[in-house]
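Start from chain A and add chains B and C according to the hints.
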Amino acid sequence: MLKTAAGALLPVDPETRALAQDLYESVAHAPVISPHGHVPAAWLARNEAFKDPADLLVVHDHYVTRLLHANGIKLEALGQGGGPADPREVWRTLASHWHLFAGTASGYWMNETLRTVFGIERPVSAESADESYDTIAAALATPEFLPRALLARFGIAFLATTDDPCDDLADHRIIAAASDVSACVVPTYRPDKYLEPARAEFPSHVRRLLETAGVSDETYVGYVEAHRRRRVHFAAHGATATDHGVDVPVTADLSEARAEELFAQAMRGEIDAADAVQLRGHMLTTMAELSVEDGLVMMLHPGVRRNHHTATFERFGPDTGHDIPIRTEYTDNLRPLLQRFGTAEGFHLVLFTVDETVFSREIAPLAGFYPAVYAGAPWWFLDAPDAIDRYRGAVTETAGFYKTAGFIDDTRAYLSIPVRHDTARRRDAAFIARLVSEGRLDRETAMRVIADVTTAVPTKVWKL
Amino acid sequence: MLKTAAGALLPVDPETRALAQDLYESVAHAPVISPHGHVPAAWLARNEAFKDPADLLVVHDHYVTRLLHANGIKLEALGQGGGPADPREVWRTLASHWHLFAGTASGYWMNETLRTVFGIERPVSAESADESYDTIAAALATPEFLPRALLARFGIAFLATTDDPCDDLADHRIIAAASDVSACVVPTYRPDKYLEPARAEFPSHVRRLLETAGVSDETYVGYVEAHRRRRVHFAAHGATATDHGVDVPVTADLSEARAEELFAQAMRGEIDAADAVQLRGHMLTTMAELSVEDGLVMMLHPGVRRNHHTATFERFGPDTGHDIPIRTEYTDNLRPLLQRFGTAEGFHLVLFTVDETVFSREIAPLAGFYPAVYAGAPWWFLDAPDAIDRYRGAVTETAGFYKTAGFIDDTRAYLSIPVRHDTARRRDAAFIARLVSEGRLDRETAMRVIADVTTAVPTKVWKL
Amino acid sequence: MLKTAAGALLPVDPETRALAQDLYESVAHAPVISPHGHVPAAWLARNEAFKDPADLLVVHDHYVTRLLHANGIKLEALGQGGGPADPREVWRTLASHWHLFAGTASGYWMNETLRTVFGIERPVSAESADESYDTIAAALATPEFLPRALLARFGIAFLATTDDPCDDLADHRIIAAASDVSACVVPTYRPDKYLEPARAEFPSHVRRLLETAGVSDETYVGYVEAHRRRRVHFAAHGATATDHGVDVPVTADLSEARAEELFAQAMRGEIDAADAVQLRGHMLTTMAELSVEDGLVMMLHPGVRRNHHTATFERFGPDTGHDIPIRTEYTDNLRPLLQRFGTAEGFHLVLFTVDETVFSREIAPLAGFYPAVYAGAPWWFLDAPDAIDRYRGAVTETAGFYKTAGFIDDTRAYLSIPVRHDTARRRDAAFIARLVSEGRLDRETAMRVIADVTTAVPTKVWKL
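Line order of the protein sequences matches chains A, B and C.
According to the numbering used here, the first sequence holds residues 1 to 464 in order.
According to the numbering used here, the second sequence holds residues 1 to 464 in order.
According to the numbering used here, the third sequence holds residues 1 to 464 in order.
In short, the hints are calculated from the structure, not lab data.
Hints are supplied without guarantee of correctness; some may be wrong.
Given that identical chains are not distinguished, each listed pair holds provided it fits within a single copy or across any two copies.
[Stated by the list, open to error] When the alpha-carbon atoms are kept at most 27 Å apart in a straight line, the in silico DSS-like pairs for lysine-lysine are as follows:
1. Lys-193 with Lys-463
2. Lys-463 with Lys-74
3. Lys-463 with Lys-51
4. Lys-460 with Lys-74
5. Lys-51 with Lys-74
6. Lys-460 with Lys-51
7. Lys-51 with Lys-193
8. Lys-74 with Lys-193
Extracted from the complex, chain A is given alone in its bound form (with noise of 0.2 Å):
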């Protein structure tokens, strides 16, 4: 973990400050857990030098695209939809915007990514933008800047994947024969389009995962089957989670005969759109069947309209910055999971939210009594100072820290993982600080629960 301003995202009362300070410093070299991210493991599997500045910090962050586009940048010029870009003027471009991101949390990772990481302390800006730009290539040049170099300079101790479950992982094994690789590096199962019986490519998709799995049997139970057997390739390969993201996080516990016949009916591409949900529902519930067979972590990230601008989408692909946050409720939909798997032995179900007005709600009332419930972090749109301090200001006086999940940095962007965890901890930091302000706990306590929040919570609800 680099070493970020001091002060920075600490209470403005200097009281309240230095003790958030010395909560702080207790914690800011402990190692990195990423649970959730989206670094490829082909990246660590070759460990090939970085292409460009604009590449590793542009062009594939949508968090920065997406705002530039939103203030009259043509995607194109940004280097998307596959078209020649000069990355020293896309660099150019960010830099001479970059006012638009003041207050953003984007602009603050960017800000102490180039700080931290390139010693860069010019701020950005038009002016600057060729010499930040010749200092970052001249140092993705050096053996100091591939991937796994700086998986060890980032402090990085576990780092998740998220991978297809018909991928045969063998970018992971790579990388855990290799010996300069510092990190517990593995997959994680994220199977939503098998999960998708509305969707015309279902059958397809699911002869595929049959095929992989080397089940025969084009039922229900050989799908499950074949989950099942996918699973245990991906635990042998280091998983200890499964990822889901779906709209409306609608579970469902159907008959076994219902389940077949709903899935048979998505096999012919004739399910109708209500009772296409009810297989999803039921397939969820059976996932966290098999997470309490098999012991995989269940996560849930539902809440998002994807590619909500067809004609971006048509042109420039998925994860184009469009995909925008909708209403969520868990209360309902989620009962039927946890009827049956609520309290089961070892079941750990991470539950995460764009939806702020659910943590105090539904998410901290759940998690305060279930056992298998744990409050995922502030997620995307969240995942920045003053979300995280609503965050825990929602959950605390309900849950405590105990039943939230550390923090996870859900990125492609390589090399902002070091201060998005910073960040968390420094808020956590904050929050933790103002409690002791006000009386709500002793400095002892805080000690420790600033401590378990960064390391030992995320080892225990992730099973690492």
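Just chains B and C, lined up with the frame of chain A:
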């Protein structure tokens, strides 16, 4: 009211804290007004010594047991479900998991209760468990810790219990006749189960209500008359309020004929789900009508999915920690009731919520127009320091302080009553002090407001 | 802009307050830009003296009358409903209930208005009522308090009124021709009643629109052409924007044939409720299309249930304090419109809400991707100090400062305009100062941002 630690829960800025301290001290010793709670009248009627520390402080406090359960402790081990549990072991279990309560409202209340009620300064921990158990157990055996003695010591001036309409209120007569009960202890009319026409037990509940009220007419008119008489009975025992818990606060204004028709269907067990919601909505409007007649304040506590985990409910019963909030809507749902009685002379409708989003969006605007509507205190999961801040922040700018309704503790955890009210007073002081520091209120007005929200406002709203 | 009290509304921490004060002072005297409000153009066209203190400051300000009403004052006693009310008595009523406004936005505005506009330092109270009444009445009789003089004194540079599409805008021509109007005063195209096909008056409204526009073709094509012409008329009088208030912001993209079919049904008064929602949604999309053509900025103000209490509406008319917010959804509702025009060159769509949950969940993510979308200022119940903080906290981390749209006062309370804008500037300064104190923004950028959000951002967004 017992004195809690100086500075606790007050703002961290020194100047604002000093002002908040002055504001707080001006009301710290004001009598406690508790217009809604769950202390059994029998405790004060019989005035027997509390059983043991675990029974008093852990076993029946589902805020406490749910969080232990969420962290893997079985409810059986906490004395739930009627099984034998050594109270000292229960206490040790709590003490050895005390870090789980760091930052929670329950943790703060327990610490302050031990300190202020029992003089226990040593932090709760596995090591101190036996010592604190013995201290508490010894105290409970003394006359100073009998329920009536504590009532006086806690400075409670008004305490409302929550009672079934068929209750003959004998305990309240005993209390009223006792010379050593320093507070005004009154019942509250809570007719929930008589307003759920979709439930199988509805007809038998209604028949008992009619019988108890001496009404032979098994029609909606008779049903209303039975309520009318029982409310008179309650009012004669000092009741000033009725309390209504529903999942969704739909109200309706049916024709007499339609109400009779649906009521008859319900009494035959033949009402369908949608009609049952309409009938219940009409019953709520009828309750408002009766309040206009007899002056009883109407409380509405909607938005909770009760007994979320069926297996736990079946084994351990209700109120075991898995009542989970759901989204709540007031603007459209309450409109039929408010169309009829929103401006009715003397009618008071106090709205509560466990869905915070409603405070600024619906409750404050409604309370900011309708003379009948008051914004109830943050309740249940929200009666905690940070949530109280958010409530004041969300409500005050639209509705001010004078359309709120004072604090309610809503608790059966008798010993926590003083510290809960103290928490509310401290957070109100903190909020008001900030307004002064920000130039939004002068100091003189601030002193008036803190006094009023502590005493005058609840006295007026609850018609004490 | 008049100078309000030093330190008011700024952070309590001394160092952060000093910084906020510097930021605030750098924009305190910047001209007021008011791109949306309800000051009648006639006031400035006729430039007659205001009637009396009560009429100017109480009777027509439903923020003020509703809270008095909520506390038991009859609207008649406040001069509403056309009945006779002695203005001095109305003023005394307000003054003697002044504590009800403690902590409210209206209370702060009134205090600051009295102090800065009339030089009244003595607190409002029953005792001071006559004195302040006389002071105000005397002032209103002087030339310095005529509407045009105040416009200059208030430092208002741009003021948009809100107008019916059939308005011939004669008052605006008078204002434009006047040599003593220091501000740019322009109309806004507000066609709400022509976009409500379910209402009984819809056909007659449309016929008047067609007639006014000189269009004889009673089809959807003719209807659109009529809007087109009236918008040109408005633009010729300086309008830069259209304003749309709907309950639910459904948008739709119907085929031409379907639009004609539904429009014909609506003109016959035969459209059903669901189709009317679709047609209105299509009309909104058409409005966006016209904005792409003519460049008028499109404002959307959804989510309010108008005239909640029917009896009050029938007796006192609209805008009498019982418009109550409802939940609002943008992600799915706006999608049809944004699919077509979300990336259209030069199109500006400014989204407002009275449902705060939408800021971080939907508005910021939409504004953070679509070039057309801007996050409107917190509005109505939310244009208050704490709500402004919550708005910046919810929006900035995702969308920054440059996809917001400047402050709007949305008011008919003419004298409160300066203090409302001053409130926004102070809270922006407070928010930005905290970012600096927390190391998230450097001081130089902070100075640029406060200047931009005060002037450059609204100038660009509203195309001034």
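Tested hints:
1. Taking CA atoms no more than 27 Å apart as the test, Lys-193 paired with Lys-463 passes inside one copy only; the shortest distance there is 26 Å, against 45 Å between copies.
2. With identical chains, the CA atoms of Lys-463 and Lys-74 are at most 27 Å apart between copies only, with a shortest distance of 21 Å across copies and 43 Å within one.
3. Neither within a single protomer nor between protomers do Lys-463 and Lys-51 lie at most 27 Å apart by alpha-carbon distance, with minima of 35 Å and 41 Å respectively.
4. In this homomeric assembly, Lys-460 and Lys-74 come within 27 Å of each other (Cα to Cα) only across copies, at 19 Å, whereas the closest approach inside a single copy is 44 Å.
5. In this assembly of identical chains, Lys-51 and Lys-74 lie within 27 Å of each other by CA distance solely inside one copy; the values are 22 Å within and 54 Å between copies.
6. Taking CA atoms no more than 27 Å apart as the test, Lys-460 paired with Lys-51 passes in neither setting, with 37 Å inside one copy and 37 Å between copies.
7. Proximity of Lys-51 and Lys-193 under a CA criterion of 27 Å is satisfied in neither setting, with 30 Å inside one chain copy and 57 Å between copies.
8. For the homomeric pair Lys-74 and Lys-193, neither the shortest alpha-carbon distance inside one copy (30 Å) nor that between copies (38 Å) is at most 27 Å.
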